[in-house]
Structures are given as C-alpha cells and as structure tokens.
Amino acid sequence: MKRSTKIKLTKTVSEKKTYDIEDLWKLQVERITEMRKLGGAPVDTMGCHKLPDPLASAKDFRFQTLVALMLSSQTKDEVNAAAMHRLKKYGCNVDSMIKIPTADLEKLLCPVGFYRKKAVFVKKAAEVLKEKYDGDVPDTLEDLCSLAGVGPKMANLVLQIAWNKVEGIAVDTHVHRIVNRLGWMKTSTPEQTRVKLQEMLPRSQWTTINPLLVGFGQQICLPVGPKCDTCLCQGICPSVVVKTVKKTTKKKEVQIREEIEVD
Numbered sequence: 001m002k003r004s005t006k007i008k009l010t011k012t013v014s015e016k017k018t019y020d021i022e023d024l025w026k027l028q029v030e031r032i033t034e035m036r037k038l039g040g041a042p043v044d045t046m047g048c049h050k051l052p053d054p055l056a057s058a059k060d061f062r063f064q065t066l067v068a069l070m071l072s073s074q075t076k077d078e079v080n081a082a083a084m085h086r087l088k089k090y091g092c093n094v095d096s097m098i099k100i101p102t103a104d105l106e107k108l109l110c111p112v113g114f115y116r117k118k119a120v121f122v123k124k125a126a127e128v129l130k131e132k133y134d135g136d137v138p139d140t141l142e143d144l145c146s147l148a149g150v151g152p153k154m155a156n157l158v159l160q161i162a163w164n165k166v167e168g169i170a171v172d173t174h175v176h177r178i179v180n181r182l183g184w185m186k187t188s189t190p191e192q193t194r195v196k197l198q199e200m201l202p203r204s205q206w207t208t209i210n211p212l213l214v215g216f217g218q219q220i221c222l223p224v225g226p227k228c229d230t231c232l233c234q235g236i237c238p239s240v241v242v243k244t245v246k247k248t249t250k251k252k253e254v255q256i257r258e259e260i261e262v263d
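So the sequence shown is numbered by UniProt numbering: it starts at 1 and just counts up by one.
None of these hints come from the bench; they were simulated from the model.
Derived EDC-like pairs (lysine to aspartate or glutamate); straight-line CA-CA distance at most 20 Å: (1) K59 - D136; (2) K124 - D104; (3) K107 - D77.
Quantities reported herein were computed from a predicted structural model and do not represent experimental measurements.
Whenever a hint applies, use it, and build me the whole structure from the sequences.
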C-alpha cells in the first residue's frame, strides 16, 4: 500500500518531490554518512566496541565486550566507559566477577543505570559462562539471549565485536527512533524495528547501520530538540521540525513550504 506524507520546511526554494521508499532511505543513508564522516560522537570513542582491553586474552576480551554491553542500556557512553575503566583496573574477567562481592561490584558500576540489578546480572553471567561454556562467551544468539540481562541488541553486538559474526542488526533506542522519524517504517518497539530492518537492508549494511545512526542520534537527530536546521536530510525527512525565519528588516515572518511525498 502506498502512503503519502507531506511535511513543511523552511527553505529558500519550494519544490515537490516523490520518492520511492527504497530510494528515500538510500539517499538518507548517503547524507547521514556524509554528516558522520568527521566522527566526534560519543559512540565513536566510547562505544562498547572501544571498551574491551585490546591486550587482554581472547576470552577476557570477549567477556569484557559482553559486560560493556550489559552495562550500556539506559546509560550514556561516557558513564559506561568510566565504569568499564574501573572494572578493568580491578580485573574484568570471569573469575574475578564470580569472586567479587556484589556490594563491591555495585560500587564499581555506580552510577551506571540500574547498577544494582546489573551487578547481579554480571555475576550470574560469569557463573553461567564458567559452568557451561568453559569460561568463554557463547557464540550464538540463542545462548547469549539466555543470559540474564542480555537481549537481541546486545547479543548481536557481542557476536559482531567479540566473534566477528553477523547474525542480525543491533537496534537500540537511537536506531528505533531515527528510522521511524525518517519514515522507513512505523514500529512500536526496537525488536519490531530490528525485524523490519533486517528485511529491508542488505546484509552488507547490518553492522554499519547501528554506529551510523547512533552517532547521528547523538549529534543531530536528538531525542528532544533535533537539529533539523543543520541536518542534510531536512529536505527529505517527513518528521522535520518546522521553523520560522524572521526578516528583521520587514519585521514579519516568512515561512516557505516544501511538500514531499513518500510512496
């Protein structure tokens, strides 16, 4: 079924364009990629892929990847990176997390979001890995999602970072929010978004779409007060925020409309 979405934009030129949805998302990705070329988003330097110790053993590297992702939900990258720094300084491996008292682990994790609950999850995960997986992180989505505190987004990122395996797209709140804003789909949950994205995007983009959109969401497409006026997608986004330009010489408002139809 075709749908038509009309939006208003403040621009110097008024034009009407019709986009097929596939052409639209490809153009949007192209422009977002251009905006993300310089990096600078928190995810670029403090994302979970940057937090494991590159000099750690293979098993410890994978475990640190898992822990970083378990801590990341409801937590800013800066806070998560600081917590992982404290954990690595203490000793972030399966045995140390089994032995550490829960209260001490909570102190290391605070102020990570829900740090008390996550301390329990980390200890339980370490125990399960020791008992069932020879102290290593499992390499299947099913086994990863069986761990307390691990969902599809985390599991997919663990596979990508720790095992270099691509089984699906990692969808967090940034990705979920942005693809709905851009008009790619209408979904209610990140899991619904993941399923639709995997049907929509070529497999070659399954690993790159997460950091691309997460950084875009941190820098431009903010949850509140998105910077539409500086966004290269402002002319092709059905959710663009309408702004009013005031001409100081005439002291009157000038608002120019652009209509965009998405089929």
